[in-house]
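These protein sequence lines map, in sequence, to chains A and E. Quick note on numbering: numbering that gives the first Met the number 0 labels position 14 of the first sequence as 13, and the sequence is numbered without any gaps. Quick note on numbering: numbering that gives the first Met the number 0 labels position 173 of the second sequence as 172, and the sequence is numbered without any gaps.
It should be emphasised that the hints constitute simulated quantities derived from the structure, not laboratory data. Remember, predicted model here, so these are calculated numbers, not experimental data. Glycine residues also receive a C-beta, built at the ideal position from the N, C-alpha and C atoms. Among the hints, erroneous ones may be present.
Claimed, not checked - Derived CB-CB ranges, DEER-like:
no.: 1; chain 1: E; residue 1: Ser-84; chain 2: A; residue 2: Arg-68; range: 51 to 59 Å
no.: 2; chain 1: E; residue 1: Arg-122; chain 2: A; residue 2: Pro-63; range: 39 to 47 Å
no.: 3; chain 1: A; residue 1: Phe-65; chain 2: E; residue 2: Pro-82; range: 49 to 57 Å
no.: 4; chain 1: A; residue 1: Cys-50; chain 2: E; residue 2: Glu-156; range: 38 to 46 Å
no.: 5; chain 1: A; residue 1: Phe-62; chain 2: E; residue 2: Ser-2; range: 27 to 35 Å
no.: 6; chain 1: E; residue 1: Asn-127; chain 2: A; residue 2: Cys-50; range: 35 to 43 Å
no.: 7; chain 1: A; residue 1: Asn-115; chain 2: E; residue 2: Pro-83; range: 25 to 33 Å
Stated by the list, open to error - Footprint (simulated), chain A over chain E, 3 or more residues, beta carbon under 8 Å:
no.: 8; stretch: 18 to 26
no.: 9; stretch: 166 to 173
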Amino acid sequence: MRLMDVVDSELLPGVITTRIDDAVGWARKYSIFTYPFVTACCGMEFMSTACSHYDLDRFGAAFPRFSPRQADVLMVVGTISHKMAPVLRRIYEQMASPKWVVAFGVCTCTGGFYDNYATVQGIDKIVPVDVYIPGCPPRPEAVLKGLMLLQEKIRKQGWKGQ
Amino acid sequence: MSSVRETLRAELGAAVLSARGEGLDSVLVLDAGAVPGALARAQALGCNVLVDITCVDHLRWVPAGRGTPSHPDRMPRWELPKPPSRFKLVYRLMALDAGQGAVRERLALECWLEGDAGPASARSLWPNADWLEREVWDMFGVRFSDRPDIKRILMYEEFVGHPLRKDYPIGKRQPLLGVDDGAAPAALSDEELRPSPGGKRP
Numbered sequence: 000m001r002l003m004d005v006v007d008s009e010l011l012p013g014v015i016t017t018r019i020d021d022a023v024g025w026a027r028k029y030s031i032f033t034y035p036f037v038t039a040c041c042g043m044e045f046m047s048t049a050c051s052h053y054d055l056d057r058f059g060a061a062f063p064r065f066s067p068r069q070a071d072v073l074m075v076v077g078t079i080s081h082k083m084a085p086v087l088r089r090i091y092e093q094m095a096s097p098k099w100v101v102a103f104g105v106c107t108c109t110g111g112f113y114d115n116y117a118t119v120q121g122i123d124k125i126v127p128v129d130v131y132i133p134g135c136p137p138r139p140e141a142v143l144k145g146l147m148l149l150q151e152k153i154r155k156q157g158w159k160g161q
Numbered sequence: 000m001s002s003v004r005e006t007l008r009a010e011l012g013a014a015v016l017s018a019r020g021e022g023l024d025s026v027l028v029l030d031a032g033a034v035p036g037a038l039a040r041a042q043a044l045g046c047n048v049l050v051d052i053t054c055v056d057h058l059r060w061v062p063a064g065r066g067t068p069s070h071p072d073r074m075p076r077w078e079l080p081k082p083p084s085r086f087k088l089v090y091r092l093m094a095l096d097a098g099q100g101a102v103r104e105r106l107a108l109e110c111w112l113e114g115d116a117g118p119a120s121a122r123s124l125w126p127n128a129d130w131l132e133r134e135v136w137d138m139f140g141v142r143f144s145d146r147p148d149i150k151r152i153l154m155y156e157e158f159v160g161h162p163l164r165k166d167y168p169i170g171k172r173q174p175l176l177g178v179d180d181g182a183a184p185a186a187l188s189d190e191e192l193r194p195s196p197g198g199k200r201p
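Chain A with its partners taken away, still in its complex shape:
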């Protein structure tokens, strides 16, 4: 007799047991509200990934919130200039914990080929980054891989979050 059968017959039927860490991590992992901070051409690729063909919704991550107060994941999509940097920093600080940051595209990861006076050489100089998705722009498959990495990270963090 399997353990679950014992639980079902001896305890309350329809109840499963787990650890609170696992339950919370599992729930958070599938309820990602993203804040799309879109500044450049990567935005097109983000849209194509989010729409039905690649379908971010099957990861529970297709609900963009345009208020940082309601968002869990800050998706930084596109080149960040020095003039934009304080805005990005403020958006990050307005988000409620637990919160995560995804650097989408090579410009957000390192500045990309915009190695010049105007561009922030990687957003990790402004905000802590959880997942880097390189590419110019990244293919939707790469974005999905990055999203799954983030989900795995969220699941492992569990109850304590960050």
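Please build the complex by placing chain E on the supplied structure of chain A, with the hints as guidance.
This is chain E only, laid out in the frame that chain A set:
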């Protein structure tokens, strides 16, 4: 009907230092002092669109055949005459017939500046000159004589220098945040900002 270019040449006389180009590529090089008057006259003659104001920095001019300091082996592709001064200001004008959707004429007016002193503003002629002049100030540091309090437009207020000048170091980076709103990232240490893989987050 004669073109704006030919009318301006005839009216300005000696203030037109040289002319080059044909048709839509026409260029008149003017004496800097004659520029405000020439712009007003060009508008009266039908140049209703100010396409662009920009600037060229001729700091690193080298004679043809000598190569350049950074590329001693590379010859200039054509012989450029020695520039009279460092900055050249360029006004690109267009006579647009909006009803027909036709460009009647394009004309560029150029002038060499003394130092970084530019002519008076063209805002009263074309309102978009406001932003274009701010861009020229921001990128090249050219001052327009009646705009002593001109503001940057692309870079943030605290930025030092003018990045499209040829003597602005190409690798120079300035402090990161343009606005110190009390939430400067200095509060987070480098370790906190760049957590090692598998390490603890702040």
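So, going through the hints one by one against the coordinates:
1. Ser-84/E to Arg-68/A: 51 to 59 Å: Because 55 Å falls inside the window, the suggested range holds.
2. Arg-122/E to Pro-63/A: 39 to 47 Å: holds, 41 Å
3. Phe-65/A to Pro-82/E: 49 to 57 Å: Once the Cβ atoms are compared, 51 Å apart, the range 49 to 57 Å for Pro-82/E and Phe-65/A holds.
4. Cys-50/A to Glu-156/E: 38 to 46 Å: For Cys-50/A and Glu-156/E the Cβ distance comes to about 39 Å; the hint holds.
5. Phe-62/A to Ser-2/E: 27 to 35 Å: violated, 60 Å
6. Asn-127/E to Cys-50/A: 35 to 43 Å: With a Cβ separation near 37 Å, Asn-127/E and Cys-50/A satisfy 35 to 43 Å, so the hint holds.
7. Asn-115/A to Pro-83/E: 25 to 33 Å: holds, 30 Å
8. 18 to 26: violated (count 0)
9. 166 to 173: holds (count 5)
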